[in-house]
Amino acid sequence: MSQQFQDKKSESRSTESPFAPHTEEDVQAMLDAIGAESVEDLFDVPSSVQFDGSFGIESSSEQEVVRDVSDTLARNDQLTEFLGRGRYEHYVPSIIDNLSLRSEFLTSYTQYQPEIAQGFLQALFEYQSMLVELTGLEVANCSMYDAATALAEAALLADRVRGTSGSKVLVSDLVREERLSVLENYLIGSDMTVETYPTVDGATDPTALADNVTDETVMIYVENPTAVGTIEENLSTVGDIAEEHDAAFCLGTDPVALALLEEPSNVGADVVVGDASALGLSPAYGLGLGLFACREDYLRQVPGRLVGASEDANDNRAYTLTLQTREQHIRRERATSNICTNQAWVALRTAIHVAWLGATGLVDLAEECVQLPRELAADLNDIDGVTAPVHDRHHFREFLAETPRDAERVAADLESNGFAVHAVDEHQVQVCITDANRSERDEFVEAVREVVA
Amino acid sequence: MQRYNQAVWSETDDSRYETLLAEKNEQTVDVEERTTLPDELTRESVTLPELSEPEIARHYTRLSQMNYGVESGPFPLGSCTMKYNPKFTEEVAALADAAVHPDRSAESTQGTLAVYARLQDYLGRIGGMDAVTLQPPAGASGEFTGILVARAYHEHNDEGNRSKVIVPASAHGTNFASAVMAGYEVVELPPSDDGRVDIDALEAAVGDDTAALMLTNPNTLGLFERDIEEIAEIVHDAGGLLYYDGANLNALLGQARPGDMGFDIMHFNLHKTFATPHGGGGPGAGPIGVTADLAEFLPSPHVRADGESYELYEPERSIGKVHGAMGNWLVLLKAYAYIERLGDEGLTDTSAKAVLNANYLGSQIDLDIPFGPFHHEFVASAGDRDAADFAKRMLDYGVHPPTTKWPEIVSEALMTEPTEMESQDTLDQLADAFNAVAGENEESLSTAPSSTAARRIDQTSAARNPRLSWHALE
Amino acid sequence: MEFDVPDEPYYTESHEWIELIEDTVRIGITDFAQDELGDIVFVELPAAGTDFDAGDDFAVIESIKAVSDVYAPVAGVVADINEAVESEPELVNEDPYGDGWLIELELDGDLDTESFLSASEYREQIE
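Chains as they are written, first to last, in full-length UniProt numbering: chain P, 1 to 453; chain Z, 1 to 474; chain H, 1 to 127.
No lab work stands behind these hints, which were simulated from the structure alone.
Any given hint could be a false lead.
[To be verified] Below 30 Å or equal to it, Euclidean Cα-Cα: the simulated DSSO-like pairs (lysine-lysine) are:
(1) Z/87 / H/65
(2) Z/164 / P/168
(3) Z/405 / Z/164
(4) Z/164 / H/65
[Said to hold, decoys possible] Restraint-style ranges between C-beta atoms, simulated for each label pair:
(5) Z/473 / H/4: 34 to 40 Å
(6) H/66 / Z/3: 44 to 50 Å
(7) P/240 / Z/293: 49 to 55 Å
(8) Z/58 / P/212: 51 to 57 Å
Here the structure is a predicted model, which means the values were calculated and not measured.
Glycine included, each C-beta is placed from N, C-alpha and C at the ideal position.
Chain P extracted, bound-state conformation (with noise of 0.2 Å):
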């Protein structure tokens, strides 16, 4: 049985792309059916601009192409990464990529029909709500793509709720310099431009920030943590400040650090962006998933897609897209913003691993943010011409390490020993430490010992 039935799939199959399940006699059919020659009849190209050559790439099969990516990527070195600076690794645990996975997940599309669709839209409404109690803001949305574009949403939210028009986006001069660069392109079609404010011993100086501020300010950007790791101590009064002009606080930080640290609804947050892959998702080399919160008065402002709770004919609750209006496909130039393709699916990874941890769960991993870098630098802090951490103050995951030697060199030396840090200033390299590369401190230690010496 099975024999035949392979034979007859490879006798007529006319087909090149294995995707398509069509065999010589279908596509027969079909294009009599449709009254056609042939397929090529049905292109109504120019000839002059057909294509009929060829692009070189040579199809293979599953198992090659698997060999061939392993292969390539395996051309990568095997470090263990003590990286972060706004992307960071926790332990994924299986559960994620066995639910995230399920096909009615992976394969749906946005949920433009909510009836069919109920399952991925209560799960985006469960994230928008874990994201609700986390920042303590009224309003989240399903996702920007990353934080750097989270955060360049926010400036034009804040542009467009502002009463008066100003020009300024004040940022902290910690902030990447990947993330001005994508803020400074969102700001080409505004009237605004970025400059930064000094920051006193890696953490804001409320005096230095009050000297930057002016009506001209739409908004003000911190980070907590900082992208250095330090722990901001003075949240509430750059939201008073913000207040004072009519610029709106925009708070940057993720969901593992909103467990523990001050709660931006109560130092004064209107905006909360971040990257909220830090649970739910491997590093991968970046691919992010923008975290969006704002306060409820922004509500019309808001960009990207909202789900919301409703009822369906029967009276029982359902879930939909809302506030469409806001969005590129009604109000097209007038939208709050162009994003239709969002993260969506990293949201879902990231509310399995919330609902994973549950609150106890989550606390507890980032307490561990707290205590591990704090022994980590204590332990490096011990090696001869090391000052670790640079900056006196409480830190999160990662922290700022002082080197006799150039921290360049410092860096490549620990990457000759299997280890990945960032060198962020001559003497200075980072070091960010979780529970994902926890186990591998001992010998961190020790090669950095042996590559300061």
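Put chains Z and H on the given structure of chain P with help from the hints.
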């Protein structure tokens, strides 16, 4: 007709499936008790669900059963290219070597960079473009990036006064929004009677203030812009650039290339044309390709080969960054694997079968399709029926309906794109669903669906009284 | 379908109605307009004191799938807005000429009634 009933789970008397944070699941944790940080740096408490792993597994499995994907059944959603997502691409995306941190050195990530360089090269060949960046994380981001590149190009040539981007009325809403975000005024181009670009209107619209024309080809009606060479000439003569929206590239793979048609900039939707899963809304990837003249403006960093190895560098007049890292890497990786699997012949066959399927399906349904000849998709009219109701009723037949009420040039539009993945049998089943609904009375349509986890959902109350988190539920 | 077109107000081709109340005019959208829009879910009104020229868009009305501008039929300064429709947008559907009014403008000069449609002319337009 096949029978269809979607799973529906309820736990309570009022037929409600509880959110994770139903009261029985919630746990409030006193944060200050569990931390070594001083109280003034921490929050007081966190309230989140506290469930066992088996409970979580069941919750999300049930949710998945109340969701419809490409593997559930036909998904002919126009403009979205809902094709089969091969399983092996997930396998390569799960490789440990794919999980590296974005700040790793170029020297230690030669494998990742090799995939970048090769995919840039492949996409360049497929689109007929000289240089490709993989940084934009979605199609709309690609549009924005492309228009930023156009802007940088004009400014570099002392033509920064070009202030307008021309967009046909039938274009995707993202085109309008992206052009505005990049600082341009949008000029909307009305269509001609045959649904294509009206050459006279285009000639009237272009001028020395034209920065670019954004065009989808085949357009959203599935029609190839036959006058594309003349269109390109008109735009180029005015000093503008021609932008290709790649949403419909699945129609043309291996048959025609945007670069050969005169386009200067294009984006690819890897989650459409190159079979990476849509993931319930994303992540996608929106790489852009450009002609040689524009390559120096591409986002930073860019990847290039340096002998046997690969390096990151900043293009000379780069616009900077549009994503915090290097884009949606795992999506790029899956698309790379898909392209390698298909090769030249498979890619060309893909568009052939996509166009064959759309034309066959179009020939089997009893609805008017006002514009043709169409390619990978067609826009049928529901006639005197409401297209949205028509779609809701189709759900009851176990198929996902087309995109509805758009483009507006067709009244009560049903924009239908079956993709290459469907067999003749499945297309017949889809046609049966179309035809059955076309033969039903208005009440049957307006009360549909009845086979899905939820009945018709009240959109009005959802919008008038937004409840956006479990905190807003009673 | 029969739409309500009361005799008293003046009308515009873009489906607004205008009613003179001493020195101010009250403005809303017609029964026909609210029906075309469908269930209205959100109304955005200008702040009192805002200046408008005739033809300016002064309000945004949203249904589920559409966004519509409402245009000022005459020049003037916003004297009052109907806050009730901001919290209960359905009033525009239910009572477009009564509780669903939108704004009151203080006129710059006299009302040039010639430029508007009468009830009977408007009835003809929407037939």
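So, going through the hints one by one against the coordinates:
{"no.": "1", "hint": "Z/87 / H/65", "in the structure": "violated (36 Å)"}
{"no.": "2", "hint": "Z/164 / P/168", "in the structure": "holds (26 Å)"}
{"no.": "3", "hint": "Z/405 / Z/164", "in the structure": "holds (28 Å)"}
{"no.": "4", "hint": "Z/164 / H/65", "in the structure": "holds (27 Å)"}
{"no.": "5", "hint": "Z/473 / H/4: 34 to 40 Å", "in the structure": "holds (38 Å)"}
{"no.": "6", "hint": "H/66 / Z/3: 44 to 50 Å", "in the structure": "violated (36 Å)"}
{"no.": "7", "hint": "P/240 / Z/293: 49 to 55 Å", "in the structure": "holds (51 Å)"}
{"no.": "8", "hint": "Z/58 / P/212: 51 to 57 Å", "in the structure": "holds (53 Å)"}
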